Every structure is written in C-alpha cells, then in structure tokens.
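If you want the building blocks of each chain, they are given just below.
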Amino acid sequence: MTGRTIVRSTAVLVALAPWLLVAGTYAAGGESLGALVHVADTRHLGGFNLYFANLYNVNRVLFTALSVGMTGAMGLGLGLVMDVVVGAIGLDLSKREAKE
Amino acid sequence: MFDWFYVTLPISGVPINALLLILLGVAVGVLGGFFGMGGAWMVTPALNIFGFPMPFAVGTDLCHMAGKSIISTRRHAKFGNVDMKLGLTMLAFDVVGIECGARLVMLLERLGLAGPVIRWVYVALLFLIAWLVFYDYFKERAIRRRAALGLAPATPALQWHVALHKIKLRPVLRFNVAQVECSMWLPAAVGFIVGVLAGFLGIGGGLLMMPALVYLIGVPTFVAVGTDLFTVMLSGFYGAATYSMKGRVEILAVVLMLIGAAPGAQIGTIATKYIRGYGIRLIFAITVTCAMVSVILKQLGYNTAAAWMVMAAVSVITGIVVVGMVRGAMRELAAHKEVGA
Chain A
1 MTGRTIVRST AVLVALAPWL LVAGTYAAGG ESLGALVHVA DTRHLGGFNL YFANLYNVNR
61 VLFTALSVGM TGAMGLGLGL VMDVVVGAIG LDLSKREAKE
Chain B
101 MFDWFYVTLP ISGVPINALL LILLGVAVGV LGGFFGMGGA WMVTPALNIF GFPMPFAVGT
161 DLCHMAGKSI ISTRRHAKFG NVDMKLGLTM LAFDVVGIEC GARLVMLLER LGLAGPVIRW
221 VYVALLFLIA WLVFYDYFKE RAIRRRAALG LAPATPALQW HVALHKIKLR PVLRFNVAQV
281 ECSMWLPAAV GFIVGVLAGF LGIGGGLLMM PALVYLIGVP TFVAVGTDLF TVMLSGFYGA
341 ATYSMKGRVE ILAVVLMLIG AAPGAQIGTI ATKYIRGYGI RLIFAITVTC AMVSVILKQL
401 GYNTAAAWMV MAAVSVITGI VVVGMVRGAM RELAAHKEVG A
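Residue numbers (the numbering used here), protein chains in the order written: chain A, 1 to 100; chain B, 101 to 441.
Hints may contain errors.
Each pair of labels, with its calculated beta carbon distance range [claimed, not checked]:
(1) 81/A <-> 400/B: 22 to 30 angstroms
(2) 76/A <-> 217/B: 32 to 40 angstroms
(3) 281/B <-> 62/A: 28 to 36 angstroms
(4) 58/A <-> 211/B: 25 to 33 angstroms
(5) 69/A <-> 192/B: 43 to 51 angstroms
(6) 269/B <-> 41/A: 50 to 58 angstroms
(7) 89/A <-> 232/B: 45 to 53 angstroms
The hints are simulated quantities; they were obtained by calculation from the structure and are not laboratory data. Computed from a predicted model, the values in this text were never measured in an experiment. Every residue, glycine too, gets a C-beta built ideally from N, C-alpha and C.
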C-alpha cells in the first residue's frame, strides 16, 4: 500500500466518521426512556412570569412559538433602537478602517 | 442594596439577581461585537455557576444567541456575500447536528451526568480557544520580529482544503459564489459537527464554522462571513425551538440578557474603531483561561469562588473595551465639533 493510498483512506475515514455517529446519537436520545418531566411552580408568580409558566406547563408548542418569536422580535427591535441611539449620538459606524 | 433586583425565574425556579444577567448580556455583546466571536462560550458556564441546572443553561444560552445573532446580522446591514447553496447544504446537516447535541444533553440529564460532562467538555473547549488565541498572538509577534530583522517570512501552512477537495465522494457540488467544487459531504460534515457542538454546548457555532469554512472548505473570507451569519442565525432559531419544546429555556433570562447584549454589541463594534494592537488579544486569552478555571472550580464545588472569578474576568475585559471605546468616541466627537466650529 502506497503512502498516498494510506493518506487518502485516512482522509475518507475522517470525513465519514461523523456520519457513523449519527445513528448512535439519535438512538441515545430516543423515545425509550422518556424525558425528565419538569413542571414550573406557579404559586408565587404573577404577570408575565405567571403567564409564561402556565403556558410552559399547559401548551409547550405555544410556549415554543412565543419564546422563539419573542427572541427574534427582541433581537430585531433592540438592534433597530440601538442603531437609532448610536446615530443620535453622532457616531458613524459605516466608516471603519482596518487597524491591525 | 441589590436585593431589589433578585427575581425567581418562572420555569426553573432559580433565584437570581437580574442585574447579573443584564451585565452578562452586556459582556457577551461587547466581546461579540469587538472580537467577532459570539461570546456564548462564557454564558453557559456562567449561568451554570449562577445556579441554572446545566440543560437550562445550555437551552437558555442557545435561545439568547439566536436573538443576538439578529442584532449582529443587522449590524452587517445585509448578509453580504452569501453562498446560499453552501449555506443551505450546511444548514440541513447543522440542524441534524443540533438535534443530536440537544438529545445528548437530555440523555445526560436523565443519567444525572449533564453537569459534570458538559463542564469538562467546556474546559476542553475553553482550553482550545485560549491556546489558539495565545498561539495567534505569539505567532504574530514572531512574524513581526522576523520582519524587523529582515528575515524571510516562515513557510506557509499546509492548505487543508486543497487536500480535502481531492476526496471526490459523490455527489460533487459546485458552489458558485464561493468558487469551490467539492464533495457535498465535506460542508455537510462541517455543518453536522458544528451543529452537534452548538446543540450540546449552547454556543452559536460561528466560532467553529468560520475557520472551518475558510481552512477546510476553502471559502474566501468575505463569503465565509456572510454564509456563516446566514447559517448560524437560522440554525440558532432551530436550537431555540428544540430546547423550548424540550422545556429547557428560561425565557425571562433570555429577555434580560438580550436587553444587555443589544447596547453591548454596539459598544463592542464601535470599540473596534478605536482600540488597536494585539495586546487586547492577550487579555482575551487570559479571560478565556479564567473562565476555564472558573468552570473547574464549579466542578470541584467552589461555587462562590467560581462565580467571582467568571464575573471578574468578563468585567475586566469588558471594562477595558468600554473605556477604550468611550475615550475614542470622545475624541471623535471633539474632532467633529472642531470641524463644525
């Protein structure tokens, strides 16, 4: 076996290695054992916290939709607000020179 | 005095100081904006040190990174040069990887091993980041020293992508924007591995994807930046969704950290205009090392020492960047006034 063949075989094995892990990983997280059930304690909560904790306990799909939607909306909204604030201060972020 | 800021998080029931979460968000934003790497590597360990169960720390970090990636992407105004075909190829496998990573976390939780296993993986990751930054710093110094002595530059490093492109495992795809032709399994493997680590550790993945795109796939840097942003943002939202479905996201903590991260990201970005030199990278590497030590302290049961260490480390480097930014901004505004007068 030539050196080149060994190098190529090793490279192919390295490239394929992750795929060999897929089946095992999915099997490891499969349905047989069932996830630990966590229930939010709503006894001392109010307002926003109570709403989200109840949603978490009762409707996980809606909780997910709201969490993801709120995260995206906050990212977008806060980004916009900060752009306005920086512009109002008078700093120009559009012109930057490479310093390194 | 700060008792007023204590809140009990609604899902996990963890009592925590809201200011601490906002400050952590600011630090992540500043470091992400300044160094260009997300900063999620400090959030999961810090949340765990502050009392979050590890799966909640990972899920909350991933969800917060999804929101922060929108702020980062907005700063770039648009995705820039995105190779959509390459991005979508990686995204498909990235998502599978994130799901695998998340399922591994849930399995470890069931076995009661999530905390220690993820902490040790974090120690390895933080060691790797610190080593890479130290290596980069001392390599740059060596190059400058050789240049000062009039010596020829060192021989170029091995080009991994050239060797990897020789593997013509079908289907072989042509990515026109990136001007790369390679086996589909190469970007797929990169996407999958990054996804597993992102789902397992709660990081955005850009930290790993950017160098992989440039060095392993051979994508030009300006295309790599856009493609990385595109892929990480979409996969981040998948990660946020899957952890929310699994019930391991603390939404109030996400909101508080995002409130801090938004101004932090702007400060970090503005600071890149004024802070120069390689010295700051050395401080960054020391910060990462301190974060690594704090994770070890947490694992050994020294919770208070771990909390102080991680907050002190991120506060110092954030303070240095903020002070540099304020000084530079004051100079620029004064110069504007002089021109106007």
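Status of each hint after checking the structure:
1. In this structure the supplied range 22 to 30 angstroms is violated for residue 81/A paired with residue 400/B, their Cβ-Cβ distance being about 42 angstroms.
2. Range check, residue 76/A to residue 217/B: Cβ separation about 35 angstroms, and the 32 to 40 angstroms hint holds.
3. Checked against the hint of 28 to 36 angstroms, the C-beta distance between residue 281/B and residue 62/A comes to roughly 45 angstroms, which is inconsistent with it.
4. For the pair residue 58/A and residue 211/B, the supplied restraint of 25 to 33 angstroms holds, since their beta-carbon distance comes to about 28 angstroms.
5. Separation of residue 69/A from residue 192/B is about 23 angstroms and departs from the stated range, judged on CB atoms against 43 to 51 angstroms.
6. Checking the proposed 50 to 58 angstroms range against residue 269/B and residue 41/A shows it holds: the Cβ atoms sit about 52 angstroms from each other.
7. Distance hint for residue 89/A and residue 232/B: a CB-CB separation of about 35 angstroms, inconsistent with the stated range 45 to 53 angstroms.
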